[in-house]
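With these hints in hand, go ahead and build the complete structure from the sequences.
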Amino acid sequence: MPGVILIFISALFFPGIILRTKSIASGRKGPGIFQPLKDIAVLLRKGSVFSGTTGIIFQIAPVIALSTLVCASLLLPFANQRSLISFGGDFIFFAYLIGLGKFFSIIAALDTGSSFEGMGANREAFFSMLIEPAFFILMATFAMFTGHTSFSGIFNHFFLTGNDYVLIFSIIGIFLFTQIAMVENSRVPVDDPRTHLELTMIHEVMILDNSGFDKALIHITSYLKFAVYGSLMYNIIVPSGWNIFLHVILFLAVQLLFAVAIGLLESFRARNKMNKNPKYLLTISAIAWISFVIVLILTNKLTV
Amino acid sequence: MVLTYILLISVILSFGVFFIPKSLKYYFTLAILGAGIAATTYWAILLYVQDSGADDIRIAIPLLQRSFPLVIDRLSAFFILVINITSLVGFLYAKGYLKPYYHEKNALRFSIHYFSYLWLYLSMIFVVTIRDGLFFLIAWELMAVSSFLLVIFEAEERVILKTGINYLIQMHAGMFFILTGFLLVSRYTGQMSFDALKDYFSGNPNFPLFLLFFAGFGIKAGFIPLHTWLPDAHPAAPSHVSGVMSGVMIKMGIYGIIRVLAALQSDLLITGIFILAVSVISGLFGVMMAIMQHDIKRLLAYHSIENIGIIGIGLGLGVIGLSTGNTVLSLLGFGGGLLHVMNHSLFKSMLFFNAGSVYTVTHTRNIEKLGGLMKKMPYTAGLFLIGSLAICGLPPFNGFISEYLIYAGIFTSLPSADLIHSIMFLLVITGLVLIGGLAIFCFTKAFGIVFLGQPRTGEAESAGEVSRSMLVPQLLTLFFILLIGFGSFLVVKPLFETVRVSFNLPGTDLAGSGYLTNLAGISLLGGIFVLITVALLVYRRYHLKSRMVTTGPTWGCGYTAVNARQQYTATSYSYNYNHLAKPLLQTRKVMKEIGEEEIFPGKRAFKSRSEDILKKILIDIPVDWISALLKKIAVMQTGQIRHYILYAFIFMLVIFLLTCLKLI
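Keeping their order, the protein sequence lines are chains U and W. For what it's worth, my numbering labels the leading residue of the first sequence as 1, then goes sequentially. For what it's worth, my numbering labels the leading residue of the second sequence as 1, then goes sequentially.
Hints are not guaranteed to be accurate.
[Stated by the list, open to error] Below, a list of computed lysine-lysine pairs in the DSS-like style, where the Cα atoms sit at most 30 Å apart:
(1) LYS545/W / LYS46/U
(2) LYS38/U / LYS545/W
(3) LYS22/W / LYS273/U
(4) LYS369/W / LYS582/W
(5) LYS582/W / LYS273/U
(6) LYS276/U / LYS376/W
(7) LYS545/W / LYS215/U
(8) LYS582/W / LYS607/W
(9) LYS215/U / LYS376/W
(10) LYS375/W / LYS46/U
[As the list claims (entries may be wrong)] With beta-carbon atoms standing in for the labels, derived distance ranges:
(11) LEU614/W / TRP242/U: 50 to 60 Å
(12) TRP242/U / CYS557/W: 45 to 55 Å
(13) ALA277/W / LEU44/U: 49 to 59 Å
It is worth saying that the hints were derived from the structure and are not from the lab. None of the values given here were measured: they were computed from a predicted structure. Positions of the beta carbon are idealized from the N, C-alpha and C atoms, including for glycine.
Next up, the structure:
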């Protein structure tokens, strides 16, 4: 339970920290750390405008996307405690839940009948399909390394395998989770939330017609997604079984670092040309395959 | 005993369809079908609930002194349930679907159609219950012929008749493989039946005979590269038939493969790797081709190939498990594969039925001409959406459960696997994940273009919801989809039992029980998900009540003259994917370039269509080659009687000479 609460708390500050980092890095004064939260408060106060073309799908999609993320966060462990719900292969459920949310946001974009949003929907479907193998291969690597098949099992035993090279996986894991989180959240280098031209947008163009409450939910979903991936990262950096207060502090520190890192990455990195994205995404999966080769060597299955 | 008579009487009475007034034919057929379904369902369920420990029910046929006893073991019972659900829903749906044809076609056509439907059902039941090789082949042949007659319901269209004949020929090619297999077995054991397979396998190399059977059953199932009949036959058939064919009939191929697998004694590893390789390729190729299709039923047909691939992955993993003595992998692999058989029969038939409903009201299967149907036919759209989510393997629907079992089998076995197995497992995972991602890509396209946005043509504009008789039967399918999705732990237990008995797996509950708790976890989380969603929706409603909610046009980026034709199309949706998959898929573009001398260019048309490369290489090119050769030989066919007499004379002379030389 504390894990879930911590994820929610860090989700509140995550976008603000990214914003602050970006404004500092680019030498602007920039908005305060609470600006995204204030934006959401404004959105919640506002009414909504719905396109006459849209129907029920458009109305329920943001809600479904958010509830998939909330459910997904229930699966993540914290410190040496098991997650609220844990079972063998729960990360499969995790990945497919996020897929469900994505399915709905894609068809919601198609529901508006706008070709801009159709374009965004298509790109979202296409790119998220290409990134998917990376997550599964990475989890397979971890499953092989620890001999467990649930998030709780894998992360609680991550540092207990007695293998000295565990840090390799921490590093590869951080790298891959960052990339996956960036793609899943439609950030640089695959997409850029600040872009102003519909033709070059991915995620932003899908939600052009959302307003008020629904748009607030979409933002919350995106923040929560960052925090969920941050929590995954925390689990592969910090060994479980320390003092619980230390864990809370470390958790928040990891989330803070993750947010700052994303802010810096976005400040100093250009986005890809749209047709270079597939190559970039497949490279990430290829790196995941490399991590798998490493685990083969470390578990003495592949002797060189 | 009563049940046996019921089945026997339905077989005899089925001929009565021809002598009943046209208006009553449907109900008469329904009564017979219902009797058959009731009897077989009773047997199947009896087998699962009775505690006598008997492994099968043997049914003697009273009038035949010699046996062909129907043997229902757990595997047969499982397949009987699969057949019964979809056949029943399909026939109930057919009432509304066939209504527009009622005055178009005469009574005989309807008689043949209903009679074939009945016999497709009966023959499938016989296929899964008869163990004797010869009678099995007779039932198999009956299945092929009756489904052929169903496919060519609209035989006035030349294309459909041609497709039907192509289908019939390919089915017979498949049957000859199976026949050869059985003959080999009977030559060695003196017995032609599934039970004799074990004897044959214990004394001979296993893989070659398996390959023979796999080729035969694989044509029915639609594994790559034996799939070429499938994408043509499903769209040609009326929708209730496509639903039953795709949902159930192609699974008879899987049934045959499982029966053969259960008898295998050695060569397990190579068999497993072979099945895995073919299945992963089938899955990927099926879904990749599906994305390119604009005919909704053809798209669904290619998805059948994909799902057969997933089922095959399950079976392949199961065999690998057998080869390494990894009971858990066998249980989860075979269990996942079998459950996917059931799941696919449910959601695929539902998708076909609703695609049929769309066709009924719009008269087109081209998704580029549809759009905005969600508002016109909300129930059909809702059912299609649930089918789409289920086929993409998304929780909390049933497709996820079977894919989960397959994934779980791999992930559980990974830590203890050796190098070759690990790499193989990881390739399978990558394949499965890509299949899943591509399926989402494909069904967001299919659902989005057909049901969302604005109607693209007048036909879609004037569409309305179909009659209740086409919707209500599907609630049964929906019920089972949700039952497996939310109550998987209830369903999977008897399923594991089936696998254990069929494959003689050791142990009682070492693996199963752990996975039942996992499935309970999935059900719990699925329940929580629904609760959170409903709670949020209720809150949203309450929230919006106190805010100003207005309706406006879709954001057009400042452009105000937007019309429905400018919406994103299926072609544009698949454009970037098409770009990536170019090496594997062939897209042919037909257009006339604008010439330099044309100062005022006239009307231009642009057409693009994707072709199935494998079909081209395996069927079209050899057929062209053979017909070219035969055309050359046709010079002998002069039409002059003296030439023919000459041929006969030469023939006799040759025979005479050969006999003299003692060559024959």
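How the hints compare with the structure:
| no. | hint | in the structure |
| --- | --- | --- |
| 1 | LYS545/W / LYS46/U | 12 Å, holds |
| 2 | LYS38/U / LYS545/W | 22 Å, holds |
| 3 | LYS22/W / LYS273/U | 65 Å, violated |
| 4 | LYS369/W / LYS582/W | 25 Å, holds |
| 5 | LYS582/W / LYS273/U | 20 Å, holds |
| 6 | LYS276/U / LYS376/W | 40 Å, violated |
| 7 | LYS545/W / LYS215/U | 17 Å, holds |
| 8 | LYS582/W / LYS607/W | 17 Å, holds |
| 9 | LYS215/U / LYS376/W | 27 Å, holds |
| 10 | LYS375/W / LYS46/U | 27 Å, holds |
| 11 | LEU614/W / TRP242/U: 50 to 60 Å | 57 Å, holds |
| 12 | TRP242/U / CYS557/W: 45 to 55 Å | 53 Å, holds |
| 13 | ALA277/W / LEU44/U: 49 to 59 Å | 53 Å, holds |
Going down the numbered hints, you'll see the structure goes against 3, 6, while the others check out.
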